[in-house]
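Residue strings, one per chain:
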Amino acid sequence: MKKRIILPKEFKARYSKILGRENKRFLNYCMRPLRKSIRINTLKTDKEKCLKLLKNKGWKLTPIPWCNDGFWVDGEKIEEKLGNTLEYFMGYYYIQEASSMIPPAVLRPTERDFVLDIAASPGSKTGQMAQMMKNKGCIIANDVRIERLKMLKYNLEKLGVINTVVTKMDGRRFWKTNMKFDKILVDAPCSSEGTVRKNWKALSRWSPELIRYISNVQKHLLDSAVRCLKSNGILVYSTCTLAPEENEGVIDYVLKKYQDLDVVKVSLRGLKYREGLKEWDGREYDDRVTKCARIWPQDNDTEGFFVAKLVRK
Amino acid sequence: MNDMTIITGKSRKEVLNYLESRFGIKKEVFKDYVFVKKGKKIWITNEDVVSRKYKKIPIESIGMVLIRLQKNGMKMTTNAAQIFGKYATKNVINLSKTQAQKILQGFNLDNLKTDVEDGYVMLKYSDYILGVGLKRDRFLMNMIPKSRIIPIESL
Chain A
1 MKKRIILPKE FKARYSKILG RENKRFLNYC MRPLRKSIRI NTLKTDKEKC
51 LKLLKNKGWK LTPIPWCNDG FWVDGEKIEE KLGNTLEYFM GYYYIQEASS
101 MIPPAVLRPT ERDFVLDIAA SPGSKTGQMA QMMKNKGCII ANDVRIERLK
151 MLKYNLEKLG VINTVVTKMD GRRFWKTNMK FDKILVDAPC SSEGTVRKNW
201 KALSRWSPEL IRYISNVQKH LLDSAVRCLK SNGILVYSTC TLAPEENEGV
251 IDYVLKKYQD LDVVKVSLRG LKYREGLKEW DGREYDDRVT KCARIWPQDN
301 DTEGFFVAKL VRK
Chain B
1001 MNDMTIITGK SRKEVLNYLE SRFGIKKEVF KDYVFVKKGK KIWITNEDVV
1051 SRKYKKIPIE SIGMVLIRLQ KNGMKMTTNA AQIFGKYATK NVINLSKTQA
1101 QKILQGFNLD NLKTDVEDGY VMLKYSDYIL GVGLKRDRFL MNMIPKSRII
1151 PIESL
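Protein chains in written order, with our numbering: chain A, 1 to 313; chain B, 1001 to 1155.
Calculated from the structure, these hints are not laboratory results. Please note that the accuracy of each hint is not assured.
[As the list claims (entries may be wrong)] BS3-like, lysine-lysine: derived pairs with alpha carbons at most 30 angstroms apart: (1) B:1031 with B:1075; (2) B:1097 with A:52; (3) B:1086 with A:168; (4) A:17 with A:55; (5) A:272 with A:17; (6) B:1097 with A:49; (7) B:1027 with B:1038; (8) A:57 with B:1086; (9) B:1053 with A:49; (10) B:1038 with A:180; (11) A:168 with B:1146; (12) B:1090 with B:1135; (13) B:1056 with A:230; (14) A:81 with B:1124; (15) A:55 with A:36; (16) B:1010 with A:136; (17) A:36 with A:57; (18) B:1124 with B:1097.
Next comes chain A alone, as it looks inside the complex (with noise of 0.2 angstroms):
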């Protein structure tokens, strides 16, 4: 039975303010059904030889223009052949929303790189920055509870990552460790508003108080990452939520809290985006929160994102 998604008249109201007239046609594209995509595993397998083992069983395969190894899958019943075919078993390819595959892409790991993804699970990230570096280099892949570890665990031996070190602590504590790294991702915990379209139940929870608390947990875990961060390190910091407290909120915390910390314009092949909010609800953010990236649902038929790019001077 297909689930109807309830958005909140809150939210509806909420977006209306930033979108005025185009409101209708964001909500709609909340509605929709999420274009199904994978990401070709070349840690496991040749790209080529995949794709062409995944268009004999009769699928459509459009590469997505931000990832390199990225696709959208269309075909009949797709949704449940997906997870169930050899190559899926032997973890040739993974099924990621196209919308994550922007902030490992904006980050660009290389072979050379010391990496934090602190908060790492279920890894589909992790896995595309292993897969960036050749398995070379070394990431530290951490999570705080046990069940997303496992998954992270699970997902990277399936995918054969291994230059990465999973380890389990609070990411707001993160910074105690000394450790300093050339790149970091801070995926953040959030109220998950644009993940509506792949699950109906994401704003079952949702409210202004939500959000609130979240961004609080996330700029302390974004403060704990910065402090992580090399002198002309980078820093992605990304959302799937649009909420502008959790995101340019966040980052205008940091930037008033650390003066050596700068943005960097977000720019990647193919992808539509809009200039982050200079101002939410009466509040007005550093002039720089306009370089992050706003990813509606309706620019690239994604879920709904926020990126960042940081660099420290």
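With chain A held as given, fit chain B onto it using these hints.
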């Protein structure tokens, strides 16, 4: 590095000898990798990972589990077999389509017709190394973890 130790010298040789004697995987295959032992598991990772200092972090895992140390000796994991199994030159069972399908669904196999030695064997279907099984006479115990099996209806 918490309670993990890097395996060098004789201990490393022991692991390499097992992989070569059991599956014919040449030692050179692992020349760029580091082995780490924690409890009853041997993990495989790279040099960069072990060269770092992890004084104040609780480590859950490092790299990928290569081998589980069991009562009856070493057992290569499914995940490791899927990567390094392609270098195996012996104790490899070539499965038919029906047999491979059963393995993916989590079933054991019986009435095997093969002259491969008893013990751990590499399970191959077409170009794919599916994992490791335990052979006893004509019976093959499926060692693919339950979390990995899929209800696949056709290959």
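Going through the hints against the structure:
no.: 1; hint: B:1031 with B:1075; result: holds, 20 angstroms
no.: 2; hint: B:1097 with A:52; result: holds, 20 angstroms
no.: 3; hint: B:1086 with A:168; result: violated, 33 angstroms
no.: 4; hint: A:17 with A:55; result: violated, 44 angstroms
no.: 5; hint: A:272 with A:17; result: holds, 21 angstroms
no.: 6; hint: B:1097 with A:49; result: holds, 20 angstroms
no.: 7; hint: B:1027 with B:1038; result: holds, 22 angstroms
no.: 8; hint: A:57 with B:1086; result: holds, 24 angstroms
no.: 9; hint: B:1053 with A:49; result: violated, 39 angstroms
no.: 10; hint: B:1038 with A:180; result: holds, 26 angstroms
no.: 11; hint: A:168 with B:1146; result: holds, 25 angstroms
no.: 12; hint: B:1090 with B:1135; result: holds, 14 angstroms
no.: 13; hint: B:1056 with A:230; result: holds, 18 angstroms
no.: 14; hint: A:81 with B:1124; result: holds, 23 angstroms
no.: 15; hint: A:55 with A:36; result: holds, 15 angstroms
no.: 16; hint: B:1010 with A:136; result: holds, 26 angstroms
no.: 17; hint: A:36 with A:57; result: holds, 16 angstroms
no.: 18; hint: B:1124 with B:1097; result: holds, 10 angstroms
Against the hints set out earlier in the document, violations occur for numbers 3, 4 and 9.
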